[in-house]
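Throw the hints in and build the complete structure from the sequences for me.
First to last, the protein sequences are chains A and B. Using my numbering, the first residue of the first sequence is number 1040, and each one after it goes up by one. Using my numbering, the first residue of the second sequence is number 1040, and each one after it goes up by one.
In short, the hints are calculated from the structure, not lab data. Heads up, some of the hints might be wrong.
If chains are identical, the list can't say which one is meant, so a pair holds when it fits in one copy or spans any two.
Cut-off 25 Å, straight-line C-alpha distance, at most; resulting in silico cross-link-like pairs (DMTMM-like, lysine to aspartate or glutamate) [claimed, not checked]: (1) Lys1372 <-> Glu1087; (2) Lys1228 <-> Asp1210; (3) Lys1228 <-> Asp1330; (4) Lys1290 <-> Asp1343; (5) Lys1372 <-> Glu1095; (6) Lys1228 <-> Asp1313.
Protein chains: 2
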Amino acid sequence: MSKEYNVCVVGIGAVGAEMIRLLKKRKFPVKSLTILARSERVEEIDGEPYQVKVAEPDAFEGMDIAFFAGTEGSKGASQTLGWEAVKRGCIVIDNGDDFRMDDRVPLVIPEINPEALDNHPGFIASPNCSTIIALMPLAALHKKAGLRRVIASTYQAVSGTGSAAVVELEDQIRAWVAGQPLVNEVYPKQIAFNLIPQIGSEKEPGFPSEEIKMQRETHKILGDDSIRICSTCVRVPVFNSHSVSINAEFKEPMSPEEARDILSKAPGVKVVDDLAHGHFPTPIETSGREDVSVGRIRKDPALDNGLAMFVSGDNIWKGAALNTIQIAEELIKRG
Amino acid sequence: MSKEYNVCVVGIGAVGAEMIRLLKKRKFPVKSLTILARSERVEEIDGEPYQVKVAEPDAFEGMDIAFFAGTEGSKGASQTLGWEAVKRGCIVIDNGDDFRMDDRVPLVIPEINPEALDNHPGFIASPNCSTIIALMPLAALHKKAGLRRVIASTYQAVSGTGSAAVVELEDQIRAWVAGQPLVNEVYPKQIAFNLIPQIGSEKEPGFPSEEIKMQRETHKILGDDSIRICSTCVRVPVFNSHSVSINAEFKEPMSPEEARDILSKAPGVKVVDDLAHGHFPTPIETSGREDVSVGRIRKDPALDNGLAMFVSGDNIWKGAALNTIQIAEELIKRG
Chain A
1040 MSKEYNVCVV GIGAVGAEMI RLLKKRKFPV KSLTILARSE RVEEIDGEPY
1090 QVKVAEPDAF EGMDIAFFAG TEGSKGASQT LGWEAVKRGC IVIDNGDDFR
1140 MDDRVPLVIP EINPEALDNH PGFIASPNCS TIIALMPLAA LHKKAGLRRV
1190 IASTYQAVSG TGSAAVVELE DQIRAWVAGQ PLVNEVYPKQ IAFNLIPQIG
1240 SEKEPGFPSE EIKMQRETHK ILGDDSIRIC STCVRVPVFN SHSVSINAEF
1290 KEPMSPEEAR DILSKAPGVK VVDDLAHGHF PTPIETSGRE DVSVGRIRKD
1340 PALDNGLAMF VSGDNIWKGA ALNTIQIAEE LIKRG
Chain B
1040 MSKEYNVCVV GIGAVGAEMI RLLKKRKFPV KSLTILARSE RVEEIDGEPY
1090 QVKVAEPDAF EGMDIAFFAG TEGSKGASQT LGWEAVKRGC IVIDNGDDFR
1140 MDDRVPLVIP EINPEALDNH PGFIASPNCS TIIALMPLAA LHKKAGLRRV
1190 IASTYQAVSG TGSAAVVELE DQIRAWVAGQ PLVNEVYPKQ IAFNLIPQIG
1240 SEKEPGFPSE EIKMQRETHK ILGDDSIRIC STCVRVPVFN SHSVSINAEF
1290 KEPMSPEEAR DILSKAPGVK VVDDLAHGHF PTPIETSGRE DVSVGRIRKD
1340 PALDNGLAMF VSGDNIWKGA ALNTIQIAEE LIKRG
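Quick look at the structure:
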């Protein structure tokens, strides 16, 4: 690879726009930046106009790295164009979920399993947002004490569904203040002042797709299918940053103090944990931060060698756009 | 006891007002209704004026039943006046948390442990709101298969904190729409579009009081201290109805179908569980309902004989006011 890269971003929704912002913020070595989407147009990001070209196979000619923004739920452009880009010598880093469980494709969180990049086929997948946020602290503890079980309940922000969902929550809030009826189109029910305990359609009996993703992707990333995982994924009326209440059982004993020590040294993790002084992670405070915050760390009386904790992180950044860019940075580092 | 009763309600905040509404709604045999609070005044409920008298020991002379509305967090009037009322021949039913763990005082959910009323000292406590809502389905399953572990993460409405918290969320929402700064006084952080994973002050290292209540009160109500319980209690920007994501391990195997069958016959419990058609409990839909809804019932792959489920119920009704009135109704029934 050369020292500067022809980069393209495919898709320009909530995640695509943040990819563009983060490439700039992190001073990614960009030679040229091309934006691809379904239709040709000009899009403005932070007051700057970007020419959007049509995403088609030949658009990847001469490209070094393509970041596919993907979309949770609907099939991403990576399904039709991903391998076409690879064929043309471009490395694809896909935020979407089409190829995460594909045996050929590494599923990578750079702080956790960078070695999975050793033999990539030109196509690398970035995990599900809730999975990344939960694993940032869990993987560091797993390395030390070995995870046996994980029970997680999520509190997921509307930005994870996409820009239309953010607008839906905003509109419902405005309608509530104006005393007008609250309309829902993106979500099956009102999200303002409500909870929706189903994320994705039913994938296995009783389990929506998001909960299956957290289970399978964790197994793949940690390389250990024996970890017993159950998650309940719930949409909450929060704009940005997913939070996860986690109960974890380890093979070896681990005290809260030891866990705090390990986590305070884990890259990309910030310990925010002082209950007596009201310090714990909240989505408002983790939104727009690169690291994932963890707090409420305590002994879990319901599990052997158990720890309970509360985690929060920006689902559009570390849960999506940032992780894809960190994957590219790791690839460059590894040469 | 006679066929009609001299009833008083002590405290007239969110819970006290609902006690008055529910006494009427459920046609409780009221001979006279007296409202007691800190100061003498007239309060209007649903357009009807109520004379509020000063709560003092002699105010309980001639009373048959006193419902103490209590307040989560601050010490309730039951602490100073409860036993004074009992001394005067009045039965006290206390929604507050001052005497719940007192060995003399039964802690009762009428559908679950009515037998605890057999030998009461004139003073009966109603449990914590999250505990009641989680136990309504859990106790029915426990009876059949024996609970071994409970891991719960809550999604608690602001009404549980009291009327001032409801106003705080409303005010923050209005400020957000008006583009003005969001002010917080009741909560330590902004609650609109946010989560606060600490309910109550630190009671034991790492555990706020709400989480300890869920543990100890469950042990007392089910009469089984061996059940291993861990809860994480989180305040969410929802006006009313608490929800709980529960993972439970039983001594005996229980299939989701069997659990649904048991729960559909459990008094006060409503099964709302059809993922394929988007049927699950939500706080908007359980607010203002007397029963507690349960759905998302599925096998928990992380626990042996495990079930996961999502529960939602009106914290001011079944979680507080309604349960106290049901306790009185049960006392009358038992004669």
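Hints versus structure:
Proximity of Lys1372 to Glu1087 under the C-alpha cut-off of 25 Å is found in neither arrangement, the shortest distances being 30 Å within a copy and 73 Å between copies. With identical chains, the CA atoms of Lys1228 and Asp1210 are at most 25 Å apart both within one copy (14 Å) and between copies (24 Å). Taking the shortest Cα distances, Lys1228 and Asp1330 sit within 25 Å of each other only across copies (20 Å), while inside one copy they are farther apart (32 Å). Both within a single protomer and between protomers do Lys1290 and Asp1343 lie at most 25 Å apart by alpha-carbon distance, with minima of 9 Å and 17 Å respectively.
In this assembly of identical chains, the alpha carbons of Lys1372 and Glu1095 never lie at most 25 Å apart, being 29 Å within a copy and 75 Å across copies at closest. Taking the closest pair of Cα atoms, Lys1228 and Asp1313 come within 25 Å of each other only across two copies (15 Å); inside a single copy the shortest separation is 36 Å, beyond that limit.
This entry does not satisfy hints 1, 5, going by the numbered hints stated previously.
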